[in-house]
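*Asks:* Given chain A's structure and the hints, the job is docking chain B onto it.
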Amino acid sequence: MRLLVIEDEPKTLAYLKKGLGESGFTVDTARNGEDGLHLAMTDEYDLLVLDVMLPGLDGWSVVRSLRARKTTPVLFLSARDELDDRIHGLELGGDDYLVKPFAFVELLARIRTLLRRGPVREMEHLVVGELEMDIVKRKVRRGGVRIDLTPREFALLHLLARRRGEILSRTQIASYVWDMNFDSDTNVVEVAVRRLRAKVDDPFSRKIIHTVRGMGYVLDLEKP
Amino acid sequence: MRRLPLSVALICAFTLISVLTFYFVGSYLYSHLRVQLLRMDSEEVLIKAQHLRSLVAAEESTHDLLTHIPRFAGQVVGSNAFVVQILAAGGQKLVDFNPSHLPADAGPVVPDPVPLQDLELHQWRSAKGVTAHGIAVQARLRDGEVLTIVVGRSIDDVLEMLNGYRATILRAVALGALVAILLSYILVHRALRPLHHITEEASHINVEGLNVRFSLDNGSPELREISVSMNEMLARLERGFRLLAQYTENLAHDLRTPVNNLRGQTEVLLSRERTIEEYQALLASNLEEYERLSRMIENILFLTRAGNAQIAVRRAELDLEEQLRLVAEYFEGLADESGVSLNVQASGIIKADAVLFRRAVSNLIANSLRYTPPGGVIELSTALSGAGTFVSITNPGPEIAAEHLDKIFERFYRIEEARTNSASSTGLGLAIVRSIMELHEGLASAENGDGFVRFRLFFPAVAA
Numbered sequence: 000m001r002l003l004v005i006e007d008e009p010k011t012l013a014y015l016k017k018g019l020g021e022s023g024f025t026v027d028t029a030r031n032g033e034d035g036l037h038l039a040m041t042d043e044y045d046l047l048v049l050d051v052m053l054p055g056l057d058g059w060s061v062v063r064s065l066r067a068r069k070t071t072p073v074l075f076l077s078a079r080d081e082l083d084d085r086i087h088g089l090e091l092g093g094d095d096y097l098v099k100p101f102a103f104v105e106l107l108a109r110i111r112t113l114l115r116r117g118p119v120r121e122m123e124h125l126v127v128g129e130l131e132m133d134i135v136k137r138k139v140r141r142g143g144v145r146i147d148l149t150p151r152e153f154a155l156l157h158l159l160a161r162r163r164g165e166i167l168s169r170t171q172i173a174s175y176v177w178d179m180n181f182d183s184d185t186n187v188v189e190v191a192v193r194r195l196r197a198k199v200d201d202p203f204s205r206k207i208i209h210t211v212r213g214m215g216y217v218l219d220l221e222k223p
Numbered sequence: 000m001r002r003l004p005l006s007v008a009l010i011c012a013f014t015l016i017s018v019l020t021f022y023f024v025g026s027y028l029y030s031h032l033r034v035q036l037l038r039m040d041s042e043e044v045l046i047k048a049q050h051l052r053s054l055v056a057a058e059e060s061t062h063d064l065l066t067h068i069p070r071f072a073g074q075v076v077g078s079n080a081f082v083v084q085i086l087a088a089g090g091q092k093l094v095d096f097n098p099s100h101l102p103a104d105a106g107p108v109v110p111d112p113v114p115l116q117d118l119e120l121h122q123w124r125s126a127k128g129v130t131a132h133g134i135a136v137q138a139r140l141r142d143g144e145v146l147t148i149v150v151g152r153s154i155d156d157v158l159e160m161l162n163g164y165r166a167t168i169l170r171a172v173a174l175g176a177l178v179a180i181l182l183s184y185i186l187v188h189r190a191l192r193p194l195h196h197i198t199e200e201a202s203h204i205n206v207e208g209l210n211v212r213f214s215l216d217n218g219s220p221e222l223r224e225i226s227v228s229m230n231e232m233l234a235r236l237e238r239g240f241r242l243l244a245q246y247t248e249n250l251a252h253d254l255r256t257p258v259n260n261l262r263g264q265t266e267v268l269l270s271r272e273r274t275i276e277e278y279q280a281l282l283a284s285n286l287e288e289y290e291r292l293s294r295m296i297e298n299i300l301f302l303t304r305a306g307n308a309q310i311a312v313r314r315a316e317l318d319l320e321e322q323l324r325l326v327a328e329y330f331e332g333l334a335d336e337s338g339v340s341l342n343v344q345a346s347g348i349i350k351a352d353a354v355l356f357r358r359a360v361s362n363l364i365a366n367s368l369r370y371t372p373p374g375g376v377i378e379l380s381t382a383l384s385g386a387g388t389f390v391s392i393t394n395p396g397p398e399i400a401a402e403h404l405d406k407i408f409e410r411f412y413r414i415e416e417a418r419t420n421s422a423s424s425t426g427l428g429l430a431i432v433r434s435i436m437e438l439h440e441g442l443a444s445a446e447n448g449d450g451f452v453r454f455r456l457f458f459p460a461v462a463a
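The listed protein sequences correspond, in order, to chains A and B. Per numbering that gives the first Met the number 0, the very first residue in the first sequence carries number 0; after that it's consecutive. Per numbering that gives the first Met the number 0, the very first residue in the second sequence carries number 0; after that it's consecutive.
Chain B extracted, bound-state conformation:
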């Protein structure tokens, strides 16, 4: 489903909310007012009816009543909206005060002793379209004759006022909604302007220009947060791309050396007739370079795949002592040749891929052997912590300068440029160690001690 643009959605939401709020508040006020006005009006009618009832009760007979008509008429003087009638038992109108000629249709007659407070008025509509309400009540003369009093009132004036009020409310709602739309439009646009800014800035970012950053000086704290985290992302990407570019460059550079050897020595040898032995020596030397190239290709593919998590990690329980002794034994001869010995002090079990584990450890030992002076001892040890297991490879020897410590695990990173051609090293050994640790969700680190260098592999505890 296509989503509405955020700005449109926000404006619609604001408008809807304000229209609904106005509407409900207006309706509430209107209905409250209506009830109040009608009640006041009906109270007036009831009071008049009550009053008339007590006036009737004070009269002796219809005759007396007729002599006192002005008393009754006085009740309604000054208001043409009222109708007051007093009917004899036979239906004869004793009093008929009806200036606006309302038909009096006051509904059922309320019997005499029943009090009138809070009674509902009867409402009717005349043929002329006048709406009125009123009440018919019984009243008793002193001589015992029962008369009927009808009091009514036209409420057209009240209804007219209410209608006018309703129209005003509707106008206010419409106006309020318009104002809300306008204000929300302005507000949303103001609030989203930094986003447009960010979009605009983002459109300028490409692989060649990863050094741009989003400006932080506009917008709300939330948008600032977005900018900050996007800047961090950019920094990581920039670093990643720089490393990749550097990696490609290093790769090409490192391929040059063996290819140059191959080409050069073959060209020189072929430039004139040679003895069989010379040809053989050349081919054997070439073969060594080919092997180096093959190994580089294998290592690069390993790193690329490890980076994309395309290497299957077959975890099994490994006895650390057994595994470390195995690797130490593998290097024993080589270490012995350079007067170095290997010491294993290990215990514990980890869940890891045996081949990858040995590869990581042997890459570290191979690295340590290069820097350990004759007579030195390379220590292979383990330590258990709450979070997992550390495997340490410690060798005596020169410290690694602090600026290199973090970087030695990067591909082709070499502390000294001069080592570029050191025999068979591909410069990828430590990068592979780091990849292997990442495949195990672990960590590889290096640290300096007093006259020694320690590499540590951290394997987090894995739920069995």
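Okay, chain A solo, but in the shape it has when bound:
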């Protein structure tokens, strides 16, 4: 997957290139609107990550020109989050809008969602190592032993297993599992994960729910 990141702030550009590269993307970069638009027009990219405030040609103009010829998905980055700006960005043909400061895992999740496109097929059974989840009957077994989970614990485990290997931020988890779409000052998610672990991981020697300190949680056989 090839991404083009257009961003004028050097530190932001550097960490985006590094982080996205390490997440398996091929990343090209541009430091201003003109260069970025030129690259986007002449080359083929799967997705554009585009800063709104750029010197010279700004993000809005880049998308306007790009949309005349191409349908490459565009994810806007901006320090401004007034509703008007968001709407403006989406009207011009942007596909998503992320406000700075954002969690890197949030950016990754948005990029993956945009690249997936089309409906995601929900699987009826999920298997991670010796963990088996029956989504329809809402039953969980590990190594053949049945684990009783509350509905929310099940939803949390389902989210982690479905996004296996993907780091999920606390905000994302709160939003998916409890429909709490705002940052909360509390450590509710930590407690919930701790409780889930007590049932899913603690009785077993091999741990599959991992904490990525400061970023969030990931479910996989190996710690990332």
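Incorrect hints may appear among the rest.
[To be verified] Which stretches of chain B does chain A cover? Using the computed rule of at least three CB atoms under 8 Å from a CB of chain A, they are:
no., segment
1, 282-291
2, 349-360
[Stated by the list, open to error] Non-contacting residues of chain A with respect to chain B, defined by C-beta distances greater than 10 Å in every case (computed):
no., residue
3, H37
4, G128
5, G164
6, D219
If you are wondering where the hints come from, they were derived from the structure by calculation, not from laboratory data. Ideal placement from N, C-alpha and C gives every residue a C-beta, glycine not left out.
*Replies:* Frame of chain A; chain B shown alone:
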């Protein structure tokens, strides 16, 4: 359109009103007097004509009449303004008493039997410019001969008097208007002086000096009212600015702590070679501080926008029990860890923004959890009143001192300074609750009970 200054407009209005009033009163008096004087005058003429008619009727013939001329002349003796003529049928003047040589042009002749009361006199003007009025009537001698009597009178004296009177009235009107202008000028200036005073006082008010107040000891009750309400406005502004200044100060202060942590721990760590694990621990710790800063920024922006009503409130019908259970479930694990349980006793439906509602309730629960002792139960309940719906979050625990009760919803307000650094709290949770309630035209309040603290959210009934 440019408006006239109030003082000028008032003076003009006063003057106009008084001039018009004088003018109309004067005109009325003048015309009344004129009618009265002329009527008195014409009555005199008519009475004389009537009298002459009966004198003629008493005479046998023109011959008799001529022998009795002094009788007729006696009618008008002493007044040079009169003209009296008696004409024979042939036009010959039998009696001609006309000391002022008025041409007698008394108009059509009134036939004999017609009574003379209330008849209109004929008015004419002589070549010499004398105005007169009079009447010509028929009279019959006993022998049957018909004579014509002409009685007239110059009314120049009356008209002269009336003209003089009119001039006097006009002078009075002009003088009255002048007096009115002067008096209204003085009055208006006196009445508006407190306003100038207020303007003068207002010109000294600026953001640095919001503690000044308008003086209340001058001016009318109305102006006093203005001063009072402006003073109240100033008090609100002063409080607003003070809060804003305090808010900025608190904000800077609260930013200092995470920034100081970031800087300090990074400097210390970089001062010498460390193990990979130490670097990782530092970065993870830094990340936590960054998250805290991000959250503060988000909260501050939320509050600022809510204050400017820039947040869209998407109202939908919310089932209170469902919503409260959802939030309670979210906090269940966290509450359980500290030995606290949540109890929901709710019913009813409100029209509110789901995300904002949950945010308000969860901020309150997060706050309650901090103060509830282990083993306590946090009650989430609802109550319907005529005006709307109350949502209450009640937790057992220490009471909030009365002086803090009103203020805990203010930004960065903390009861104890020591709590400033309590973990991840930004000190904005309750301020956000209040903002959310304001966005819903509702109210957030806190009250103490016997060993418990209750927060109440009031959602006014909204017309569906």
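*Asks:* Are the hints correct? Go through all of them and say.
*Replies:* Now for the hints, and whether the structure bears them out:
no.: 1; hint: 282-291; in the structure: holds (count 8)
no.: 2; hint: 349-360; in the structure: holds (count 3)
no.: 3; hint: H37; in the structure: 34 Å, holds
no.: 4; hint: G128; in the structure: 25 Å, holds
no.: 5; hint: G164; in the structure: 20 Å, holds
no.: 6; hint: D219; in the structure: 19 Å, holds
Of the hints listed earlier, there is not a single one the structure fails to meet.
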